[in-house]
Amino acid sequence: MITQYSGISPKGDLILLHKLGEKLNNRSFLHINSTRAGGGVAEILHRMIPLLKDIGIDARWEVIEGDERFFDITKKIHNSIQGNFENITEDMWHYHYEVNRINAERLNLDADAILIHDPQPAPLIEFRKSGIWIWRCHIDFSNPIKESCDHLLRYCQKYDAAIFSVAKFARAVGIDEFIIPPSIDPLSEKNIELTNEEIIQTLHKFQIPHDRPIILQISRFDRFKDPIGVIKAYRLVKKYNDSILILAGSPATDDPEGEIVIKEVQDYASDDPDIYILLLPPFSDREINALQRAATVVLQKSLKEGFGLTVSEAMWKGKPVIGGATGGIPLQIVHGVTGFLVHSVEGAAFRIRQFLNNLEMTKRMGEKAREHVRNNFLITRQIRDYLSVWYAMENKGRSILEL
Amino acid sequence: MIEPFEFKQCVSILKSTGKKAKNLRELRDAIAVVSDESIFHHTYQYFLKGHVLQYTNDFAHWAGESLEERALSEHLSNIDPYSFKNINELRQELLNVIDGYLEYFPEPREAMIGDEFYFNETITLIFPMSIRVKNLAEFLIAIKYIDAAAIYYHFYEARIRLGVDDFSKWIEDSLNKKELSEKIRSIDLFMHSIEGIRDHIIEAVEKDVRAGMEAIEQ
Numbered sequence: 305m306i307t308q309y310s311g312i313s314p315k316g317d318l319i320l321l322h323k324l325g326e327k328l329n330n331r332s333f334l335h336i337n338s339t340r341a342g343g344g345v346a347e348i349l350h351r352m353i354p355l356l357k358d359i360g361i362d363a364r365w366e367v368i369e370g371d372e373r374f375f376d377i378t379k380k381i382h383n384s385i386q387g388n389f390e391n392i393t394e395d396m397w398h399y400h401y402e403v404n405r406i407n408a409e410r411l412n413l414d415a416d417a418i419l420i421h422d423p424q425p426a427p428l429i430e431f432r433k434s435g436i437w438i439w440r441c442h443i444d445f446s447n448p449i450k451e452s453c454d455h456l457l458r459y460c461q462k463y464d465a466a467i468f469s470v471a472k473f474a475r476a477v478g479i480d481e482f483i484i485p486p487s488i489d490p491l492s493e494k495n496i497e498l499t500n501e502e503i504i505q506t507l508h509k510f511q512i513p514h515d516r517p518i519i520l521q522i523s524r525f526d527r528f529k530d531p532i533g534v535i536k537a538y539r540l541v542k543k544y545n546d547s548i549l550i551l552a553g554s555p556a557t558d559d560p561e562g563e564i565v566i567k568e569v570q571d572y573a574s575d576d577p578d579i580y581i582l583l584l585p586p587f588s589d590r591e592i593n594a595l596q597r598a599a600t601v602v603l604q605k606s607l608k609e610g611f612g613l614t615v616s617e618a619m620w621k622g623k624p625v626i627g628g629a630t631g632g633i634p635l636q637i638v639h640g641v642t643g644f645l646v647h648s649v650e651g652a653a654f655r656i657r658q659f660l661n662n663l664e665m666t667k668r669m670g671e672k673a674r675e676h677v678r679n680n681f682l683i684t685r686q687i688r689d690y691l692s693v694w695y696a697m698e699n700k701g702r703s704i705l706e707l
Numbered sequence: 258m259i260e261p262f263e264f265k266q267c268v269s270i271l272k273s274t275g276k277k278a279k280n281l282r283e284l285r286d287a288i289a290v291v292s293d294e295s296i297f298h299h300t301y302q303y304f305l306k307g308h309v310l311q312y313t314n315d316f317a318h319w320a321g322e323s324l325e326e327r328a329l330s331e332h333l334s335n336i337d338p339y340s341f342k343n344i345n346e347l348r349q350e351l352l353n354v355i356d357g358y359l360e361y362f363p364e365p366r367e368a369m370i371g372d373e374f375y376f377n378e379t380i381t382l383i384f385p386m387s388i389r390v391k392n393l394a395e396f397l398i399a400i401k402y403i404d405a406a407a408i409y410y411h412f413y414e415a416r417i418r419l420g421v422d423d424f425s426k427w428i429e430d431s432l433n434k435k436e437l438s439e440k441i442r443s444i445d446l447f448m449h450s451i452e453g454i455r456d457h458i459i460e461a462v463e464k465d466v467r468a469g470m471e472a473i474e475q
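The listed protein sequences derive, respectively, from chains A and B. Count along the first sequence starting at 1, add 304, and that's the number in my numbering. Count along the second sequence starting at 1, add 257, and that's the number in my numbering.
If you're looking for bench data, these hints aren't it; they were derived computationally from the structure. C-beta atoms are modelled at their ideal positions from N, C-alpha and C, and glycine is treated no differently. Watch out, some of these pointers could steer you wrong.
Simulated restraints, written as ranges between beta carbons of each label pair [what the hints assert, rightly or not]: (1) A:S648 x B:Y361: 26 to 36 Å; (2) A:E563 x B:E360: 50 to 60 Å; (3) B:K391 x A:K608: 51 to 61 Å; (4) B:E360 x A:R527: 43 to 53 Å; (5) A:S310 x B:D430: 26 to 36 Å; (6) A:K608 x B:E283: 18 to 28 Å.
Just a sample of chain A residues kept apart from chain B, beta carbon distances all over 12 Å, derived [unchecked claim]: (7) R458; (8) T499; (9) K543; (10) F587.
The following block holds chain A by itself, in its conformation from the complex (with noise of 0.2 Å):
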């Protein structure tokens, strides 16, 4: 399996992930989260697993069971960890950590190391039996309502290590603290290559003419993710550069707001037939691909954001992307080298027309884009960062490791 990377992740990275193999080869490598499906913790976890099993590792997913209850109690302390105010009292703490007692009597605990995803199942270690524990934060924990760090950081402090995926996402926990950023698998349905008549397919099944340049935002309908804001870049845009702007993402079925946004961009671009709003069903992975493979810009102008792996997904089929900067863009983002970073609405509609008028300039720093994210931003280097990890916590205290 590992083999499939060759020629498209960096060599060094393939080298060390089989070193990293043979020194901990057959030792068991345990993650836990809380969803089998959905998200991108999950969709990294079904390909990494297997990879790292390629590699001799003993490695196995579990998942917390829990009822509805409790994940509306986890979706609290998600919401409070991020700074949004949430009133969790001691009752649903408790609850909290009965889940994951039970969860603990269930689950085979036993490992060489242990990585725990998120607050949902961080009360684990209290049933830590052996090996190392390393809790991974996915979410932004760099300003937290103070009572619910505090109750979190009680969980937290029990485990050897933590990991963040951005440097200002991370807080002083008071045990070793690495940074690893998140990937993308350029194997997956929504990286692998496509051809030209797919492309031109997809376009043609959402009746997308391909006689212009395309400006493309995928993101959820979120006012985060200020999708006003890029059809307002476009119209400033189209005085100069006809184009056609495509904002595309699922439907939030389940998220009233998400409803509301829909509509709100509904109706703010109703009188412009050159902008496409497309509800994708889920899993519409071939068709994102596609439609990321058809732009010529790649818009990300998001107002907060997590990481932002879209943008490192456009990245990776050559396409320069304007992101806003904020959350992890700009570890994406290499101002002027990889794209453009931008803070207003006047700024994305200027560096679209930059793009449009300067298509050598784009090819440009669209190759740069891509070997940006074939050295940062692939599975293979997370894989290969978690492994590190591990033996650097089984050999503590030394800054320099040789292999």
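For this one, chain A is given, so just place chain B on it according to the hints.
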């Protein structure tokens, strides 16, 4: 018999220290107390990033880009970490430069929220790439295709271990080519990205290989 050159590579795993600075005074105070590993990461390891050319260390980059204190970033960019015997000397020089600046400009601006300076450090893993070369022609092919992190290890990191880069040392010691060795040694390591360093090495070696092939045996 010629000692072969074995290519190695290093990979750094980033660690957060949990410390951050939102203005120059906080940066100064943190530089005074952060770990040696953190100072090392933000100075010596700056070129591992590969694409930044305007500055020569993270402190200069932050002062220039986030605080817009261009004069300070110029001073900080002129600090050569390889000219110090140890991290503490380097740390002191960083502090001297910042203190000197603060004397003239005591109230510099604050960074925007989210754009603070985050003090990190690294754990470095070093491993062989299973590539050995025995002559200059083989070296030329290898240097064209190895990962950028291998160039970093042999060209930058080697200076901490040996005082010079591994490439020029091998070319001088094993191949006895002093002129080529000096040419590689004279490449300004602060003025190029790693890819730029690769291009300069290729250019110098290619010229030497071509000259060797065109030489007429008497």
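Hint check:
no.: 1; hint: A:S648 x B:Y361: 26 to 36 Å; result: holds, 33 Å
no.: 2; hint: A:E563 x B:E360: 50 to 60 Å; result: holds, 59 Å
no.: 3; hint: B:K391 x A:K608: 51 to 61 Å; result: holds, 56 Å
no.: 4; hint: B:E360 x A:R527: 43 to 53 Å; result: holds, 46 Å
no.: 5; hint: A:S310 x B:D430: 26 to 36 Å; result: holds, 34 Å
no.: 6; hint: A:K608 x B:E283: 18 to 28 Å; result: holds, 25 Å
no.: 7; hint: R458; result: holds, 18 Å
no.: 8; hint: T499; result: holds, 29 Å
no.: 9; hint: K543; result: holds, 30 Å
no.: 10; hint: F587; result: holds, 33 Å
Violated hints for the displayed structure: none, as all numbered hints are satisfied.
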